[in-house]
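Protein chains: 2
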Amino acid sequence: MSAAGLADDLPEPPYYAVIFSSLRTAGDQGYGAMAERMLALARAQPGFLGVESARDAEGLGITVSYWRDAESIARWKQHAEHLVAQATGKRTWYEAYELRVARVERVASKHVAVEPLPR
Amino acid sequence: MSAAGLADDLPEPPYYAVIFSSLRTAGDQGYGAMAERMLALARAQPGFLGVESARDAEGLGITVSYWRDAESIARWKQHAEHLVAQATGKRTWYEAYELRVARVERVASKHVAVEPLPR
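From first to last, the protein sequence lines stand for chains U and G.
When we follow this note's numbering, the leftmost residue of the first sequence carries the number 1, and every step to the right adds one.
When we follow this note's numbering, the leftmost residue of the second sequence carries the number 1001, and every step to the right adds one.
These are calculated hints, taken from the structure and not from any lab test.
Bear in mind that the values here come from a model prediction, so they are computed numbers and not experimental data.
Do not take every clue at face value.
[To be verified] Quick list of the computed label-pair ranges, beta carbon to beta carbon:
no.	chain 1	residue 1	chain 2	residue 2	range
1	G	Ala1070	U	Ala74	23 to 31 Å
2	U	Leu41	G	Glu1081	41 to 49 Å
3	G	Ala1040	U	Ala57	37 to 45 Å
4	G	Ala1026	U	Gln29	29 to 37 Å
Just so you know, even glycine gets a beta-carbon here, dropped at the ideal spot from N, CA and C.
Only chain U is shown next, with the shape it has when bound in the complex (with noise of 0.2 Å):
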C-alpha cells in the first residue's frame, strides 16, 4: 500500500475484495484501539493483500480490504481475536453495517509518477 492509503500494488485479478460500509454508533467504547489491533492483525494473515479506508465526516465508513482467495477471507472471519471484535462490533461499535464479499476481476489505475511526501 502506498503510504496515500491507496491498495496500488496489488497483483494482478483475480483476488478477492471485503467491502465493509458502516455507520458508527456514538463514542469511541474502545472501538479506535479495536479497529487498529485488527489492522495489524490482517495485514498479518496468510492471503492478505492490502486495504483501503475512509470515514467520512457524517460517520458512514468504508473499508475495503483485499484478498488472494476466498480461503483466506473465510480463515480470517474465523480468527479468534476477531470473532471477539466482531460480536463487539454488531452489539456495540456500528449503527447498522453491510459486509459484501466480490471476486475481483478488472483493474483500471492511475499512479502517481513520483512517490508522495509522508502526509
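Guided by the hints, dock chain G onto chain U, whose structure is given.
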C-alpha cells in the same frame, strides 16, 4: 439506499460492484458539481442498484457503486457525459486512483431497527 448512506436495499447477490478509491488534487476545480451530476446520471442508468461514498479528512475517498451486471457497468463507462468526466478526472481532479470491478458473491448486514431521521 437509506437516508444515512448505506446501500442496504439491494437485491440478493450475485451483482456487481465498482470500487473507486482516489486521492484528490488540491482545490475544487469543478469537481463538486461534476460529482453531483455524475451521481444523478448514474442513478438514472439501467442496471444501477445503489452507491456508497466516503471521503476522509486526508483526501482519500472510496465510492462503491453497485450494478445488476457487468454489461450495465460497461454501458455506463461509455456514456458520453461520463466519458468527459473520466477524462477530466484523470487530467485534473485525481492525483491517483484505483478502479476495480468486482462480482459480489455474498452479503451480511446489520440493519438499523428503525429508519433514522434524515440528516
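These are the hints, each one checked on the structure:
Range check, G:Ala1070 to U:Ala74: about 25 Å between beta-carbon atoms, so the 23 to 31 Å window is met. The hinted window of 41 to 49 Å between U:Leu41 and G:Glu1081 holds, with their beta carbons roughly 44 Å apart. Between G:Ala1040 and U:Ala57 the C-beta distance comes to about 22 Å, which lies outside the given range of 37 to 45 Å. Roughly 35 Å separates the CB atoms of G:Ala1026 and U:Gln29, a value that falls within the hinted 29 to 37 Å.
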